[in-house]
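Chemist: The primary structure of each chain is shown beneath.
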Amino acid sequence: MAAMVALRALRWRLLSGPRAARRRLSDFPVPEEKPQFPGASAEFADRLEFIQPNVISGIPVYRVMDRQGHVLSPDQDPQLPQEAVLKLYRTMTLLNTMDRILYESQRQGRISFYMTNYGEEGTHVGSAAALDASDLVFGQYREAGVLMYRGYPLDLFMAQCYGNASDTAKGRQMPVHYGCRERHFVTISSPLATQIPQAVGAAYAIKRSDGNRAVICYFGEGAASEGDAHAGFNFAATLECPIVFFCRNNGYAISTPTSEQYRGDGIAARGPGYGLLSIRVDGNDVFAVYNATREARRRAVAENQPVLIEAMTYRIGHHSTSDDSSAYRSVDEVNYWDKQDHPISRLRHYMVNRGWWDEEQEKGWRKSSRKMVMEAFEEAERKPKPSPQLLFSDVYRELPPHLRRQRAALERHLQLYGEHYPLEHFEK
Amino acid sequence: ALQISRGLWKKYGDKRVIDTPISEMGFAGIAVGAAMAGLRPVCEFMTFNFSMQAIDQVINSAAKTCYMSAGSIAVPIVFRGPNGASAGVAAQHSQCFAAWYGHCPGLKVVSPWSSEDSKGLLKASIRDDNPVVMLENELLYGVPFEMSEQAQSKDFIVPIGKAKIEREGTHVTLVSHSRPVGHCLEAAAVLAKEGVECEVVNLRTIRPMDIETVEASVVKTNHLVTVEGGWPQFGVGAEICARIMEGPAFNYLDAPAVRVTGADVPMPYAKILEDNCIPQVKDIIFAVKKTLNI
Numbered sequence: 210m211a212a213m214v215a216l217r218a219l220r221w222r223l224l225s226g227p228r229a230a231r232r233r234l235s236d237f238p239v240p241e242e243k244p245q246f247p248g249a250s251a252e253f254a255d256r257l258e259f260i261q262p263n264v265i266s267g268i269p270v271y272r273v274m275d276r277q278g279h280v281l282s283p284d285q286d287p288q289l290p291q292e293a294v295l296k297l298y299r300t301m302t303l304l305n306t307m308d309r310i311l312y313e314s315q316r317q318g319r320i321s322f323y324m325t326n327y328g329e330e331g332t333h334v335g336s337a338a339a340l341d342a343s344d345l346v347f348g349q350y351r352e353a354g355v356l357m358y359r360g361y362p363l364d365l366f367m368a369q370c371y372g373n374a375s376d377t378a379k380g381r382q383m384p385v386h387y388g389c390r391e392r393h394f395v396t397i398s399s400p401l402a403t404q405i406p407q408a409v410g411a412a413y414a415i416k417r418s419d420g421n422r423a424v425i426c427y428f429g430e431g432a433a434s435e436g437d438a439h440a441g442f443n444f445a446a447t448l449e450c451p452i453v454f455f456c457r458n459n460g461y462a463i464s465t466p467t468s469e470q471y472r473g474d475g476i477a478a479r480g481p482g483y484g485l486l487s488i489r490v491d492g493n494d495v496f497a498v499y500n501a502t503r504e505a506r507r508r509a510v511a512e513n514q515p516v517l518i519e520a521m522t523y524r525i526g527h528h529s530t531s532d533d534s535s536a537y538r539s540v541d542e543v544n545y546w547d548k549q550d551h552p553i554s555r556l557r558h559y560m561v562n563r564g565w566w567d568e569e570q571e572k573g574w575r576k577s578s579r580k581m582v583m584e585a586f587e588e589a590e591r592k593p594k595p596s597p598q599l600l601f602s603d604v605y606r607e608l609p610p611h612l613r614r615q616r617a618a619l620e621r622h623l624q625l626y627g628e629h630y631p632l633e634h635f636e637k
Numbered sequence: 006a007l008q009i010s011r012g013l014w015k016k017y018g019d020k021r022v023i024d025t026p027i028s029e030m031g032f033a034g035i036a037v038g039a040a041m042a043g044l045r046p047v048c049e050f051m052t053f054n055f056s057m058q059a060i061d062q063v064i065n066s067a068a069k070t071c072y073m074s075a076g077s078i079a080v081p082i083v084f085r086g087p088n089g090a091s092a093g094v095a096a097q098h099s100q101c102f103a104a105w106y107g108h109c110p111g112l113k114v115v116s117p118w119s120s121e122d123s124k125g126l127l128k129a130s131i132r133d134d135n136p137v138v139m140l141e142n143e144l145l146y147g148v149p150f151e152m153s154e155q156a157q158s159k160d161f162i163v164p165i166g167k168a169k170i171e172r173e174g175t176h177v178t179l180v181s182h183s184r185p186v187g188h189c190l191e192a193a194a195v196l197a198k199e200g201v202e203c204e205v206v207n208l209r210t211i212r213p214m215d216i217e218t219v220e221a222s223v224v225k226t227n228h229l230v231t232v233e234g235g236w237p238q239f240g241v242g243a244e245i246c247a248r249i250m251e252g253p254a255f256n257y258l259d260a261p262a263v264r265v266t267g268a269d270v271p272m273p274y275a276k277i278l279e280d281n282c283i284p285q286v287k288d289i290i291f292a293v294k295k296t297l298n299i
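For the record, the sequence lines run as chains U and F. The numbering used here puts the first residue of the first sequence at 210, with every later residue one more than the last. The numbering used here puts the first residue of the second sequence at 6, with every later residue one more than the last.
Hints were generated in silico from the structure; no laboratory data involved. Heads up, a few of these hints could be off.
[Stated by the list, open to error] Below, simulated DSBU-like cross-link-like pairs (lysine-lysine); rule was C-alpha separation at most 35 Å, straight line:
1) F:Lys167 to F:Lys16
2) F:Lys169 to U:Lys594
3) U:Lys592 to F:Lys69
4) F:Lys15 to F:Lys124
5) F:Lys69 to U:Lys637
6) F:Lys169 to F:Lys276
7) F:Lys294 to F:Lys225
8) U:Lys594 to U:Lys296
9) F:Lys124 to F:Lys169
All values derive from a computational prediction rather than experimental measurement.
Model the full structure from these sequences, guided by the hints.
Modeler: Written out as structure tokens, the structure reads:
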């Protein structure tokens, strides 16, 4: 300590003494004044100071509209044409209607399980509209609106939930675990956050083959706590992948509120730690989600770098049909978001303000969308289940001999004793 | 990357050979994702002990996805690396995972012994459209083997799901995989001097297991001893014995089948203890003599 004081004093004398005019130490860059560590490049600090995590006034929330659908800064309005905006609105409301009916059908014992998207419809359609149709989507389980925006038909949504013979997944998954190769939507997988490093790997593969395609990876703020998320973010940055990470921060992971999920400034604040471009947006503002996703995608592809978007929103429904959220949150809280800050209402206000929508169209659309959903629903109920033969396929790419034998044994068994089984409910 | 990919980076560069941050769940995950998006990745675990940190990606994602997506998503990936006991690396670096991975439908699991096995099975695994786990052995990396002209040719493949008779015999069938195959052959050489001719079957593939080759051998010799480095409970030997009982070969057994396995303890570090925790040639000889009642 004393030595340092002496050294400083010496430098001061050298710098300001009679020789100072001829030669200053600062004229000669001295290597030991800048850290040379391979692990980080920064200046030295000679005061002991901890970095205080900023949670009171953290990363701001980007928005375009206020809660009444008024655009705050006109230059931020993406100027989407009327048809495009109507598509956003119709997709969100159709999803909402389908959710209501399928949730009820679970309550009535018609399907085994369901998850609604109430309150988060804006995050789905805003981001889906900003992507190219061929961009690869890895979801968690609450992104059905993305698939709906891409044109996945109602009867296939229902077929998957009912596990009937029209289900492209052959009845193998729990409801809402949709997948569609043609629409570039990877099959939903239950374990949380496993899709994050997979999305990065896919982005890496895509980078090698196609310079114009991006990957988007959706996950909740709870899944972001998984180790897979940490690994995925880090790898995306080190491998320079064209990927958009889209975090739906909806306030709850089943019953765990964000105050117990993390102590930092949400998920967006973690991005810079990994070297990711990061932004926080109002997830209930479709245009904010659209603008952020569009720019994120553009940069991810142009610069081969990952971008992190944290969309703040609120999960209005229960986690799933296996959850009753009144056990851990107040009805008032839920009502606030449902009535005062809902993506569907906000977009409707915008459309009404522009003269693109009115009460009559709203009534008409509610009626026709409900009719579409009910028709698909009744159709799905009527259809048979997949054939028992499908029990054995797709374990491997090719049917192995031992499963072939078992399938043949089942067939023989059913030929003899089929009348004891409810075969009429299954496709042949 | 340890020794196996040495030279590959120089030849193929950064795009084909990738060093990643240290996270098994991370790099197994990105490899699975890359396979889903159309590449044919080879994912190396420094040892399969660390694959436990990625086990969800291997089982829930790689193994089950073809089935759960009803065939629309293929995962043509190879997970490879050293498996089982090495020398003086203690419990967390010495476990054998043949039974763990062999348990799961959706995976194929191979376990080479010789150089020809290693080359042929790796090629076959990469070319296979299913997820394959290739369980190599660190101590075998340094052991030279004779290789035939055919085995040295460019497209030499060892088919997955076929066992190989390494030594023909008439008195007892020894079934093994990986390094213990060598021990079986040594035991067979010793026993031959006493007039006992052992037939040594190298499984080569754990899943799908070529039980037909084992059955044919048992029908011929009437005695069965399984040898493996892994723990006894729920192991490869247990599966072989169960299948023999379920099949035609049961009627040809003149004595109960016997398993020679690793000791049912976490691998100790002290050399004298470690040596006695894995099957040695003398243990195989003892088991054969007990089975043959000599």
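Chemist: Which hint numbers does the structure go against, in order from smallest to largest?
Modeler: 2
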